[in-house]
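Student: Residue numbers (our numbering), protein chains in the order written: chain A, 1 to 543; chain B, 1001 to 1111.
By construction, these hints were calculated from the structure, which means they are not laboratory data.
Watch out, some of these pointers could steer you wrong.
[As the list claims (entries may be wrong)] One side only, chain A facing chain B, incomplete, derived with CB under 10 Å: (1) 11; (2) 98; (3) 483.
Note that CB positions come from ideal geometry on N, CA and C, so glycine has one too.
These are the residues of each chain, in order.
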Amino acid sequence: MEDEEINRLILSNILEKEFDVLTAANGQEALEIARREYNRLSLILLDLLMPVMDGYTFLEEVKKEPGIKGIPVIVLTSEREAEVQSLNMGAADFIAKPYDAPEIILARIARVIQLYEDKNIITATQYDALTGLYNKEFFLKYATLFDQYYPDDEKEIMVINVNRFHVINAMEGREYGDKVLAAIGKSIKEHVTESMGVACRYNADIFYVYGKNEGHEEKLMQTICDALKPLLEDADERIRIGVYSGMDIGVDLSRSLDHAMLVCNGISDKYHRKIVYYNAQIQEKEHLEEKLMHDLDRALSEKQFKVFYQPKYAVQGDKPTLSSAEALVRWMHPELGMISPGKFIPLFEQNGMIGKVDRFVWKEAARQIADWRKRFGVTIPLSVNVSRVDVLNEELAGELRTIVDEAGVDAKNYYLELTESAYVDDQSHIVTMAQKLREAGFSIEMDDFGTGYSSLNMLTSLPFDVLKLDMVFVRNIHNDSKAYRLVEFVMDVARFLGVKVIAEGVEYLEQYEILKKLGCDVIQGYYFSKPVCAEEFERFIKE
Amino acid sequence: MTIDDLRNLGANVDEGVARCAGNATFYVMLVPKALEISRFETLDQCVKAKQFKEAFEAAHALKGVLGNLSLTPIYEPICEITELLRTEQDVPYEALLETIWAARNRFAEKI
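Only chain B is shown next, with the shape it has when bound in the complex (with noise of 0.2 Å):
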């Protein structure tokens, strides 16, 4: 995984980089701690379990992570479901989880 490979998936590499103080090796070496699939499984579990309150936390979580490296196509959706999941929102979630793991699993695919 390249800082270009990101950059062509859509994630904000200038922001990210300039957060990690400049340091794209460490950038680049910090998004795959944040596509780990057990972060997006337990979100996933929790939203099919209309557990909504441990799915926020899980939600927020990654909102916090991706957020932070500018994943931008898979933070946007996050930040979506994490606003629904906030006020336990008993809503058909299957779409908004489906975009997640596209995204995720494109970023996912450059490791």
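Isolated chain A, as found in the complex (with noise of 0.2 Å):
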């Protein structure tokens, strides 16, 4: 843009050989072109004196201005001060005048555009777009950088992630989810500027802060929840902070992330505090863990694992009778004796390996079964626990059929006990499973009943045999009334659906004698008997 039209004529003489001219005669017009021709443009070439708006006012203007700003501009001026107080406005160049012979003019112009495109291909990939923070890639390489800046420092790593993000995107749209990620984003530069730290978005809802260890994380919250308190009401429900800090955070940058990230996906809702720092007792938890993962498919080749069998008793004759035993898998682990279940299953549930030990549990099951059988003449039923990865597999059916197959037990014999929440997950997914392993001929027991959220209505539509009453419904049915009702509830649903009723974690008489009394079909507990080995299991079968 030149007021003179004479210098604009021969700008334009010059510069039409390479590229598209555009000319304004003053700095508003050109304004107005820019607006409307951002997409276009690769340079702006720029008078300072000019009416209507000058120069000045043109680089100031253009900063407020998100599509325009990062076009680089090229001040064109006769005066040396004026240089310098351009450049320092964020001009990228400027020509002198008189003009300099063409091919000057034509490389400073090719050699600034160069250098802008570079820089806006380095931005573009080093910085997340929707939150300006660094990508994760750029982050490790800049947290890195930070050590060297900060050797002696003892340095603290934050994962802070949105509980439910994804209820957010769902509900009010996906523009609305990254006008939140931005309000994060933003609360979290501004932090690390101030803080001298690092920060990225590292997917989706999830940034890393990475600084010093100076107890910032409380300080953050706020920031981010009054942030957000525009966009969310419950924004302090729902931000979690997970920080891990110590000398060692550099020596292994991305394993200190999975420790943050872990601290920051254990703090569910029900917890009042949402920041949570990795410590000596998670530490120890989680070396366990990597240990038994580590571990699994040794102790499955040493045959380190046990079935255990815990009876159920059918209660309703005149004396309870044998009528099954639940398969429950116990750890013999060399060093670390017998782990209980619940310290290996919710881990290997978690990451899929369960299924290795489920079919571990499945084949030992269905060979107890054919050995009792010829051994005393008789069969004893038992169940296995399916998991919720087993019933993702299409060929479940086919592979407990091949297992009871090859022991020769007939499936009728077998009971496959589906956790109720399983059904919650993918409601059309495990009926229809659930109807393929009835088809194939086995039982399905529904596990943990009263646990997970079906609906009534639910219950109607699922395949099932036997209903499963969780031990917390049996647990006070002698001493609280609402627990009382609430059973006599479930007893009359099953009954209006035509199914038994399993009561588990039976271990007084009273509670055996109000759930006879409501008519549960049988009884599994402690009551009769906790989870045994089979020879000592064989003792009931001799009763």
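Please assemble the complex out of the two chains, which come individually in their own frames, going by the hints.
Tutor: Written as structure tokens, this is what we have:
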């Protein structure tokens, strides 16, 4: 832009050989063109002294325009002082008046365009477009640089996450979700600018902040929540921060990030505390879990897993009779002793390794039914647990059928326990799978009934043969009238659906008597026996 | 007006044509626009009325154009007056204005 027509013509004549040229006689006109054509502009040539809007004002205005501010500006001037001032105001370069030879002008323009394009490429690669924070690759690079600048300071890493972010996206739309993320990004950026840290958006709604361990997390939490208040009323409830600190962070940054991520993911809705620190106890648990995962294959090949059996008694006759048993796994670890299933089952369920353990139990239980039938002449039906991850396996019915067939066991004596919560996850899939399993001859027991969120309506559409009442309902049945009435209600539902009811976790005579009176068909629990090894279980068969 | 006329009057024609990417016709076409009497009159009137700010703007604009066309005999006194006007110096400008007019008119006669 240049108010002198002659200068405009000279410049256009030089530039037109290599570029499409748009001209303007003052800053205002140029701003309007730039707003319209910013996608096509590689460069702006700017005269400083112009009527209506001079070049300095234009430079100021451009800073406020998101579309235009990234376009490089070269100032045309004959004044030394103006050169410095315009460079300070954001100009990329200047061209002196009277103009240099055309080839010099073209070379300078080409160089500036190249520089800005390179810069834009770097910016696009380096930063997350939505939040302006680094992306994860550059974050790791800059975090390492940070360590080099501050080698003697203790560092901390924070993982920040929005709990149930997908719900915000689903309810309010992705655009709204992006606003939430941008607001978090802005707060984090302010924080790291002040605290000299490094931050990135790792993915979706997960952010990393790395810096000196100066106890900034409460303040950062407050800053984020304040910024989110206009968008999310329950921001305080949703933002979670997992923190890992220590001198060893830089040694293995990605491992430190895993630690912070682990504690962040562990913060549930129920926790009042939304900032959690990785500590020795968590570390110990993590080490144990790592060991268990590492040892699993060896444990299977060395037969460290043992199947225990807990008897189930039919109670509606004159006296209780052994009707079946539940096969339960135990791990006899050579170094750690007997490991509680509570320690390894949830872990293996999480990472999908449970399938291996389940298959071992399935085969062992089928073999055991056959063995007892051979030795005692009676068939003791056994129930085995089918984990959620197993249900996703399309071949499940065929696989189980092969197991019972190979052991020579009738599928009707082999019960499958599916947890209620699995029904909730993906109802249509599990309904199809349960139907396939029943068609293959197996009976389905809905395990842990009452702990999931099955609606009454859903119960009518689910294929199962037995409802297994969770022990939480049984626990207080003898001293809590509400618990009593709830069980009574479940019994009615079961009768309505035409399915049997098994109560588990029965410990006391009072509980047993109440359940029997209420019409419960089968009872399992310490009242009769804890889970015992196969040899010990044979005592019940003999009785 | 020809290239030779301009050269004979003292214009640095080679430099001016080079700036016009070697296009002499284009260069010669631009010169009359630079010599338009209104530009010089504005400068003259503002200086005489001691409107130094406006006078500076007019001089500065002329300086840019004449410099790009390398019309050296007019460009040099224009540079001199521009610097004086930049600091709004209240000095006798008559002689300088006369030099500017004389130089401008010598070129204008060839149009």
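Student: Find the hints from earlier in the document that the structure breaks and name them by number, from lowest to highest.
Tutor: The structure conflicts with hint 3 only, although it agrees with all the remaining ones.
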